[in-house]
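A.B. asks: Two chains, each in its own frame: build the complex with the hints.
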Amino acid sequence: MSYGYTGKILHVNLSKSELEIEEPDEQFYRTYMGGSAMGMHYVLKETPVGVDPFSPDNVLALCTGILTGTPISGQSRLTSVAKSPLTGCIGDAQGGGYFPAEMKFSGFDAVIIKGRSPKPVYLWLHHGEAELCDASHLWGLTTGDAEDKLKEELDDKRIEVLQIGPAGENLVRYSALISMSNRANGRTGMGAVMGSKNLKAVVVRGKMKPAIANPEKFKELQKLAKANLEPTGMDGFGKYGTPGVCSPQHRAGGLPTYNFNSGNFDKHEEIDGHKLYNEHLRGHEKDDQNRFGRDTCFSCSIKCKRVAQIDEGPFKTEAKYGGPEYETLATFGSYCGISDMDAIIHANALCNMYGMDTISCGATIAWAMECWEEGKLTMKDTGGIELKYGNAEAMVKITEMIAKREGFGEILAEGSKKAAEIIGRGTEEYLITSKGQEAPAHMPQVKRSLSVIYAANPFGADHESSEHDPGYKAYPERMKEIGLTNPQEKLALNKEMMRFAMITQHLSSAVDSISVCAFIFGASFQLYTPEQLVQAINAVMGWNVDMEEILEVGERRLNMLRAFNSREGVGRESDTLPKKMFKRPLKGGRSDGYVLNEEEWEAALEDYYRLCDWDVETGHPSLKKMESLGLGWVVAENNVLSEVIN
Amino acid sequence: MGPLVDFLPDSDKGKATMILNNDSTITDMLDKLQIKRKVVVAVNGDEEKGLDHVLSDGDEVLVFTVISGG
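Residue numbers (our numbering), protein chains in the order written: chain A, 466 to 1111; chain B, 435 to 504.
Hints were generated in silico from the structure; no laboratory data involved.
Only true hints are included.
If you want the footprint, here are the derived chain B segments under chain A, 3+ residues with CB under 8 Å:
1. 460-472
2. 479-492
Simulated pairs of lysine-lysine, DSS-like, Cα-Cα distance not exceeding 27 Å:
3. K470(B) x K768(A)
4. K472(B) x K691(A)
5. K751(A) x K449(B)
6. K470(B) x K691(A)
7. K483(B) x K955(A)
8. K955(A) x K472(B)
9. K466(B) x K704(A)
10. K684(A) x K470(B)
11. K470(B) x K945(A)
12. K616(A) x K785(A)
13. K466(B) x K740(A)
14. K960(A) x K472(B)
15. K472(B) x K938(A)
16. K470(B) x K704(A)
The beta-carbon is built from N, C-alpha and C at its ideal position, and this holds for glycine as well.
Excised from the complex, chain B in its bound form (with noise of 0.2 Å):
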């Protein structure tokens, strides 16, 4: 797990389950979480979605952080 753990409400193991708004998109759940850092998202597998993504019931959503070395 990445430092992004440490955002996380109840963290187990690096995954937690999260209630959103309707209509919530990425920006949205990143904020509540308060990860202010960039990072990189997959909803459902899929890299390509915009940070204005709207959110649907039952998403699994990974997030990243970016780094090109170690």
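The shape of chain A in the complex, shown without the other chains (with noise of 0.2 Å):
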């Protein structure tokens, strides 16, 4: 008997409306364990090299691990891969929510999606059944509306659906995933890879609970959460969620501002968790938020997700479209120099409405303020919209317009990268892309470890890839168990901070494998130690499974996600950071001053390279690393990158 694991990945061919069912063994799922390495592993064999993202050759898959669906915090997330339509790389993106649990108990672990279909279609996953239905009458609907018409027409309202919005359909280039209406496979534009194929939404229905090996081990590690949640701050993590760390981000510097030009936004009280809290999430009249303004996923005891409801005025928001993470409320906030609240939870609503990253939006918009700002852009070119800093009626506008593709929006549906390129003028200058994703909010010329992350991650920059800087000081136990035992000062971008980046790297790798929330399961401020990561693990599957297996599993999923790269010819020329990180210091606050040294970064990047085993000319893996991570197949059966590897 499999535990964990349901044992069935349904291939899907929309081309073909053929549906098939393939169950791999019990190595498989060790080898790859879930996720971000199971969905490669079908990327790397079934995805033809140079493939527009778009193509219906583009293979999309979507993959819970080896923990979804067992009851405890932080297992039910799902990943999704396929080549990016944003950056032209390997895209990336995990999401929450109750979506993975109910498609693991549905009866399939993944769901490899290849293909288009000549009319719109979902995708039926009940009880260990796979069916295309017709949605030729959900096309064009939001994603509140359509949720709520498959609950009516399926006469079940504990369906889950992952789906596309008009966004997706309209292929903007960063459009999501999203469940429950509010939760996002946000990053690198999977939505418009869906959107491509006219796959509207996966649905899911089942009650096929996965068995558990050890149920006395794991009923420990259920204790656990609440003997952990007050040492780790867990509780007050749950209790504002991660927009608590607005304020905390200004006071060290680093709270992107003006389109990552400052460090120090002066109105960060009015976006930070504690005024979401206290004056905006559901039940805050009544002091009642814990009950009606903050939600979870399934089986999670933290509750970190914020549902925020505004009932009248120009910024009137349902309370089923959730409320703004930390990311979101820096995007649409302080990256465009936004401080009012109502407008940062209407334009987060509207991209979970219409399936679009915030991330990515509220970074584009902001590049094109400061464009603005900066003369390169005028009302000729926006249709009238005046798009200066602090506009908040002009962003709101501005999203919707970019979700429907509508006049200036529809360059800015492109991303940055590709609106400076259409536009000109010198406008990349402004960019704070790396690989053509917009940067999250946290500040490399801050979090030294972090520049080099951001530019060498496969899937453009990203802050869930590694641990950030101040973690491998305030952690030390935490960190010697992953065998980092010499903290650095801070600033610092030496061998050691590459070494603490790589491994820390590995580890999120892992934790985006095995599929797991990266606020429960990690190296420093997790509900759970990286050791208890192991211990569930093999709780649930009976293995006996050690730190340095876990460790490799996420380092094979780094180099498989490394290789698909190689193989489309991406390699060190495009593992770069934003210009104005080298050329412009940061102004205010405490992070006055602070700039890249080109040189010095440089250095770093290739001292990162050598860790990896990655060819420091090229960047791409080597054929030693490849064979030794089991991932010699990667290579032999790809002509391209038999060349390239070696």
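C.D. replies: In structure tokens:
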């Protein structure tokens, strides 16, 4: 009998309306564990080299992991991978909620999708069965409306829906996959890939709960969640959610402001988690936010998700579209010089309704605002919208125009890098992208190890791909569990910080493959320690994995992502940071004057490559490394890779 | 303001003035606030002070939680 996983992977060919179930052996699950690594197995095997991201041949994998659906905090996560229409490199996005667990209960670990349906369809997975259903009547609906309609039609309020909104249908390059109308597999445009396939949604329902090999040990870990709550501070994290870090980021000089030109936002308190909790969450009038203003994922005790509601006024917002995370408060807020909380809540809801990544959307608008301030954009370009910093009404208006590809929104829907190519006039000077993906709200000038991770990460700038610098010194006991015992001074960008970056990247990469939450399992502040992640896997699976094996799964997935880019002709030349991070010192606050030194940074990048066993000149993984990770087949099965990897 | 504000006795937008005994350390200050979780502390902007650093009259101490995501 198998534990944890269902043992069934569904292959969907939308062009031929064919569904086929594969049943891999246990070794497959132990090698990849799920999530991103499992998805990459199929993407590397089945996606042709040089594929257009909107081609029917671009394979989209939606994968849960070995712990998904077991009753423990942080396990209900799903990872999507495919070639990204935003970056032209590999795309990867994780999301939580109730959908991932329910997909497991429906009888499937993963869905591998290729082809393009001649008409809109949705995939209906229920009680071990799979079918494609007509979705013509759902096309064009917002996520909330489509979900309501599906629940009504299927006469079941407990279905879970992972879907694209109108933005995905319109191929907005940073459109997202949305579940529960407020959870997002946000980054790298996976919604646009699904939209290009005429696949509106995946709908799931089932009761096939995963078996647990060692229930006694599993119970111990469940109890630990309560014991760990206060010492880790996760109780406060649950209360204020990720928005609770807005003001601390400002005080540390690391709250990206005015399109990353400062780490200091004077109005930080207006967009902070306290303000959101006390004045905006549903139930705040009667001090009942804990009941009505917080939400959670399947079986998670933290309840970090926000539920905001605005009953009247120009930014009227329904509670079903959730509330903003820290990243969203920063990108639509401080990035744009905006402190109007209602406007940010509404922009967040628009992204969830239409299905867009709030990070790329807010950051693209912030880039356009800087272009405006610098005189590179005028009313003529924007169709009469005054796109200056601080203009909340303009920000909200342009967000909706992007989703609909209306007016100037048509250009911004391409993402800031492609928009800069279209507009020209030196607007690329203001980009904050790596590999064409807009930077999230953690500043590489302040957390220096992130400067290399943002650049070298195979799917573009990302803040969840490694631990951040302060964690090394603050969590010595946990860092020791993964072999890190030599914390460095603030702002250090030396070999030891590259070792910290790489090892914690391997752990984060494992987290995204096991497909668990980065706030629950990780190397620093999280609810569970790295060692407790190992224990959770062994309790569920009946295996005897150790930390080394877990880190190797993470390293395996990282090299799979990297090898995908290598075969697409993407190597070291694309491992870059926005020019402004080297040229323009930050202004104001605790990070006043901070700027990266290009020479020091290039040396650090090369140290990182050497630690990874990647070629310093090309940035490609070595054949020796690939083979040591059991990935010799990736190179052997691909002529292009055989030429570039040696 | 982060979750730590809830630990301040008379919080005023995330700031409070504290009276400590002579030779009190950062650990003593955190104990008085009943902050048991892991934090990063900066004394007058300097993040390199250890938890056994002795505070002086007039020191400004910033206390951060460490969250690497969002």
